[in-house]
Amino acid sequence: MADVPILSLTTFLPLVGALFILLIRGEEQNVARNAKSVALWTSIITFVVSLFILTGFDPSNPGFQLVEEVQWLPAFNIAYIKGIDGVSVWFVLASTLLTPICVVASWDAVEKRVKEFMIALLVLETMLVGMFTALDFVLFYFFFEGVLLPMFLMIGIWGGPNRVYASYKFFIYTFVGSVLMLLAILAMYLTAGTMDMRVMVDYPFSSNMQIWLWLAFFIAFAVKTPIWPAHTWLPFAHVEAPTAGSVMLAGVMLKMGGYGLIRANIQMLPEASFYFQNLVFVMSIGAIIYTSLVALAQSDMKKMIAYSSVAHMGYVSMGIFTMNQQGLDGAMFQMLSHTFVSAALFLCIGVAYNRLHTREMAAYGGMAKNMPRYAVVFAIFMFASVGLPGTSGFVGEFLTMLGAFEANTWVGLFSATGLVLGAAYMLLLFRKLFFGKLDKPEVKAMQDLNWKEVSFFAPLVAIVIIMGVYPASFQNVYNPTLEKILADHQASLRSAGLIEAQPTQTAHVTQETASTAAQGQPVADKASEN
Amino acid sequence: MEIAAIFLPLLGAFIAGFFGRLIGDRGAQIVTCAGVLTAAVLSVLLFTEIGFGGHEAARTIHLFTWIDSGTFEVSWSLRIDTLTAVMLVVVNGVSAMVHVYSVGYMSHDPSKARFMAYLSLFTFMMLMLVTADNLLQMFFGWEGVGVASYLLINFWYEKKSANDASMKAFLVNRVGDFGFALGIMAVFVIFGSVQFDTIFAQAASKADATFNFLGFQVHALTCACLLLFVGAMGKSAQLGLHTWLPDAMEGPTPVSALIHAATMVTAGVFMLARMSPVFEYAPVALEVVTVLGALTAFVAATIGLTQFDIKRVIAYSTMSQLGYMFFAIGVGAYPAAVFHLMTHAFFKALLFLGAGSVIHAMSDEQDMRNMGGIWKQIPVTYVMMWIGNLALAGIPIFAGFYSKDMILEVAFAKHTGIGNFAFWMGIAAAFMTAFYSWRLLIMTFHGKPRASEKVMAHVHESPLVMLAPLFVLATGAVLAGIVAKDWFVGHELAEFWSGSIFMLAGEHGTIIDAAHHVPGWVPYAPLVAGLTGIALAYVFYMFAPGLPAAFVGTFKAIHAFVFRKYMFDELYNALFVRPAMKLGFGLWKVGDVAIIDGLGPDGAAKVTRGLSVVASRLQSGYVYHYAFVMVIGVVALAGWFFLAR
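Here the protein sequences line up with chains A and B, keeping their order.
If you read the first sequence in the working numbering, its first letter stands for residue 1, the second for the next number, and so on.
If you read the second sequence in the working numbering, its first letter stands for residue 531, the second for the next number, and so on.
For the record, the hints were derived by calculation from the structure and aren't laboratory data.
These figures come from a predicted structure and were not determined experimentally.
For glycine and all other residues, C-beta sits at the position ideal for the given N, C-alpha and C.
Treat the hints loosely; a few may be bogus.
With the Cβ distance kept under 8 angstroms, some of the chain B side facing chain A (calculated, not the full set) [to be verified]:
(1) F602
(2) F685
(3) S691
(4) F700
(5) R704
(6) D707
(7) V719
(8) S723
(9) L1113
Bound conformation, chain B alone:
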């Protein structure tokens, strides 16, 4: 059953990719959808079995040896425990919905088989990532999803912007992988293995170990964890390595929903949760994670306030929500982070697919300034977007409320300066989240139509094949929080996770226990912030439409800075991209051609040629030249003979 749940998408990708022309577009769609839907059903069965089956249900299936080099031994295996089971449901579930949705969304595209094959390939790679029982297999999935993401962002490969975005995504992720790879090596040096069980068993005993890194004697686990976190930063678009995520919106919208919202970008969160037994003994690393997560949540939200592209707004919102998950991990509340990961997968995929439905209706228009006044034409999509935004803003009953509240409570319950910093950043971000979500709703659906008449005449509700997945995801966005909260972060937490996540317990129990004892106002703070944000958005965009422009006019410099995404792209281009190209050219022309060749073979050839010219000049043919040289020679020899004696 596990094998089917994981390898069916690969089979689908293989058939659709290599025999797409043979079986036709319809065939490819049927094969891939059937594969992933079956896998999704199996995942739910696995989830119920593992999640409620207690300790014994978790298992590892060994497939075969991968790399075997002395003490470095790695196998292909499938590790199925609660954490994996949660991810299986999220990945296969969202992927199945996106597959079905894509049948409708891509109906006008000429290469449907290729698209479906890429989607299924991505799903398989993601499954390999979450079922890994060692760091190296996780790295395989990690890089694999990177490639799938590269291919999908660049799906419309004739567009230059798509080419740029895909390369950027791959390279920025590679910078993260640079850290991840070094982290794996550090783990191997520390623990002598990269297999999870072996690592976890030793983690406590290595808590005070040090090792030599770059000539410094450093705390071993902190060093390894920070390196791994660099990898997570790349994949999960944390501040500093986030620049690829907004650009990745060049890909078709279903891709954004699956890869750049629900699954791949959460891989970093998953990795940290999986490595929780090690991170728990690296408190400094956790503090770094908290600070960066909190900053990401805040900064991304501010950028989200200013953008006009509907997909980019949601992309920055994703980045901001990932920041929440990271600071939850930073304060040690891994279950809360995974809980938010799960609820976020539902409502963010819903938002993206809803946005896709809007874009579909508006004849591929993505700029919200050219939308407005369409809610009556596409009422179903409108309702779906409302549900998604309510969940995102953290309104009670909806999924996001429970997970976001939990995260803010644990941050507060940490009772450290950094924890408080994260808490207030989170509250601020919650306010901004609500604001830009309703800004998006109002600008897109309300007010006067701003699109051309031709576009407006063509506005239509999407077909059922696109709406049905929205219904499923909307159900999740409403119910996932209230149903699952007891298992993920409530009373049944210990039984549910059954050891797949590890938390150090302090005097008052784990951080999750502590979160249940925060002051009464803390749980209401995010709600208040959210409602204020929503109210303010109505004031700004519905009741006083002149206000945004006036506001921007007052804070021109700040707005420009935020609108240009804090100038990260400009900075990186000036700091890394252009110098690398220049350096490459310089090393080639100066290093290779002028120095190495000039002093080496070409130089030697030139010297030889020069000498031969000189030598040939000696052969002038005049006897008196020769006689002169001879006399000089005799004199010199005789002189040396006498003087040396």
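This is chain A alone, in the form it adopts within the complex:
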């Protein structure tokens, strides 16, 4: 396997599929059917191929692996470099897994321009995988921007009634961020003399320069993540996007922000990250509390889930900048968990929307009676979103809170309010959809999940439960990498004189006297006296 450029293969296979779809000619119905099956098969094959990345990946090695390097513009030190480490490997797999699910989910939901829709979906996959595997900044920027186009089209063409406003808002927001990032990349290139991200990670940029670079990158990634207050594009984009668009958006695209924060801000700009830590904490807490409250006020179910995404990503940004093992680990896990949980929740909403064509919660009610299977699936993902122990949502949320508590108890305290607020809006949503009397005739006529829907919910349910019960299996893959990132981070802070020579580990407990405790006696010892 060593010779096969597996990363490039995974990246460009969907593009090949898209080319095939482009060539399909004939009657509209046939074209649609063939386009769908080509897209399905392409995405499934891509997923299978991407599994080989996991088998070829050595979790104990914290560096970049499966590296492919081809000279591109040698005069400018720009090359085609691909590779993965513990941070990126799961995101590649998440992208390749969600794409076939999206194809199935749009099977009947998308009715116009099916061919073009499938092409957009496959191109999106290529861009996402390319972004997560790129190790050269030119390549990284190319794919990072490339993601915008298919998503912009998906919202603008297949979206809801207000789609034009939503797609422009989405475009303007993310584009402003990207331009700043491009400037930062150019500045780094002029200083370091290469576009190789592996070199950048170790390159000591001056403290002053780090501040500016950090801000530029942060704005770009804060928009993508999104971190409050740069989040207002997200609810509109989600509400107007077709189900598959929402799934890809919430599932993978938001993770580009978190991935970038770890890769660029933490790894390349450690001193500035330290400097801005409190700023990020404030913004993350803002995201958690503010957007949770806003979610509580929504009557549009998709908007509510969109706001909940912002709140959940608040835990991610908070966890990343705690800069300790639990926080960073939790942030990674939260991103992975959110990938599947939010994707599944948007799919769930798609189920209801496809049948009744409204997103108003008030139009539903009592569905637990006629759609029990749907209710069970929805309930599982609701509890995962609420962070119930035993589901994937808990592990990430708890670890990030723990990390925050170690870094600063105030942050831990405020982030823990998400436990209550998060439960409030999800239970409200569930109640409005599923409980109460089943008295609306059009709701009564809705059919329970069909086999197609069951087929894409089943793997998601399994993943969410496995991640909740045995998260160690996922953590083991990325933890060696995180440990190295943290060690490097601490080392550069120490050399810059920002922290003491000995890293302060978790406990800030000060010991005074330990002798007074001696009178204590377990019950068993009393036995001898009686």
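The hints should help you fit chain B onto chain A, whose structure is shown.
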């Protein structure tokens, strides 16, 4: 054997839940009942093995790693020691009885399989809670029982009141969990682990440690213990976070018996007992626990005096009894608290199931004002309710007598102001407990029938499948105290608990030892209070039926305040619920739409559009406009050129 005792209910829940339609209602009932009954038998075997096997019998079974993040390592494990074994018997025992009872009680309900699956799921989660060997697994069970409780309260999901009650239960519990989660984090920061053995080994050495919490340098263990106690307050309905418990009575009655009387609500007591090695070094935290427990016991009892819904009276009684357990823990008498937990599980489950039998007989009527005069029609239920109430009121021979007496004695033996406060609150509550228990008995069973003739014609004794569990629980309510008192709080205490509960010993031994040396009148005080309460109830409700109304008329304002449950619901709605909704709406409309979008993308778009309008106006097409602007420009440039030089 341990694994079977714990995972059989899960298996039952899984089969009944996902294949309920396949195996039918009867199949689901058989599967779940068989699972829990087997588990109950195994639990009794385990209990005898561990409780009387000494130190060596306790063990921990490691299953597999759960979370592994740097120094934060947590495993799924089953810790079986005496404390766990006691809880296993209580949980599996009561659960098995409730399962069997439900077969009869829910016989007219269309979704029997779902109900049985939820019950078994709850049982499993509760078992995970009591067998945890670390705080995080306990949190798993803790949240798991919360979900099961949510599902069961909302079992009749078409009822709006059930929807409200279930959401309230979940959210109020989440407020408690907020404290619990922070407590776990604090424990991890202090001890570097959340695993019990590691924590307990270090507890003594951290007795004087301080750490920085919210910018203050605070006593570490007190802080951690208080945070954990917030969690316990939520789950065990202590004053302040209790508002969900009475509303939870919306669920079917077997649920109230299992979850909201015998097991789940005692989880807080269990948690504090389990953490006894840490709490013993946090005396301030224990004082807070004592005061809140005593207040809860008192306040809940006063509310219980005024309610008319038969289930709500018992619910407030539960809350009051939980208060007893907490102040027992507060004075450091963990074994006494667990003893009361155990006896209370039997007689309170009996009372609830008995009340269920009454409700069943009265065609789902729950208001005691519409009952009366039915004791001859349902004599067995009547006797069972008598046994339950005798145990609750603390009449000798019955179980409650031994445990409640013990609690009041330790409170007195503490010889501190707070201990005395708890003691007198407890005596007052004991008096009120007896009063409302007999008020319930008399209003429900005696006097003239107040129900409609149609209902009265239909009054019937419950079938054997419902009565048999009552017999079992009644046996427990009679015998549990007298049989178990030597092990739990008597001479064999140390051998029995064998280190699973920790008590600091003072000069005169532990608090339990001290309780054996209280003045002679103390053990009789609760009995006297109880008998007075019973006598007074007879006077009020049997011999002089006009008295209650006259009494209420005299103290109208106070009665109204107590009857409306001290206005907690109104207060919380005004303070938290409505402001949160308003704040959410305000942040959305003002924060997101007006400020962020207004100044951000929409604002930028508007400015661009405005500028383009201005710019386009410049292109008027008249040559003299252009010429004018040109001249102005030349003049300005020339002027700047000369003046700047």
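Hint by hint, here is what the structure shows:
The interface hint given for B/F602 is met, as the beta carbon of that residue sits about 5 angstroms from the closest beta carbon of chain A, less than 8 angstroms. Interface restraint check: B/F685 against chain A, minimum CB-CB distance 11 angstroms, threshold 8 angstroms, status violated. Against a cut-off of 8 angstroms between C-beta atoms, the interface hint on B/S691 is violated, since the closest Cβ of chain A lies about 11 angstroms away. Proximity of B/F700 to chain A holds as hinted, the smallest CB-CB distance being about 6 angstroms (cut-off 8 angstroms).
Hint status for B/R704: holds, given a least beta-carbon distance of 5 angstroms to chain A, under 8 angstroms. Because the beta carbon of B/D707 sits about 6 angstroms from the nearest beta carbon in chain A, less than 8 angstroms, this interface hint is met. Because the smallest distance between the Cβ of B/V719 and any Cβ of chain A comes to about 6 angstroms, under 8 angstroms, the interface hint for this residue holds. Residue-level restraint check for B/S723 is violated (minimum Cβ-Cβ distance to chain A is 10 angstroms; threshold 8 angstroms).
Residue-level restraint check for B/L1113 holds (minimum Cβ-Cβ distance to chain A is 5 angstroms; threshold 8 angstroms).
Of the numbered hints stated above, those contradicted by the structure are hints 2, 3, 8, listed in ascending order.
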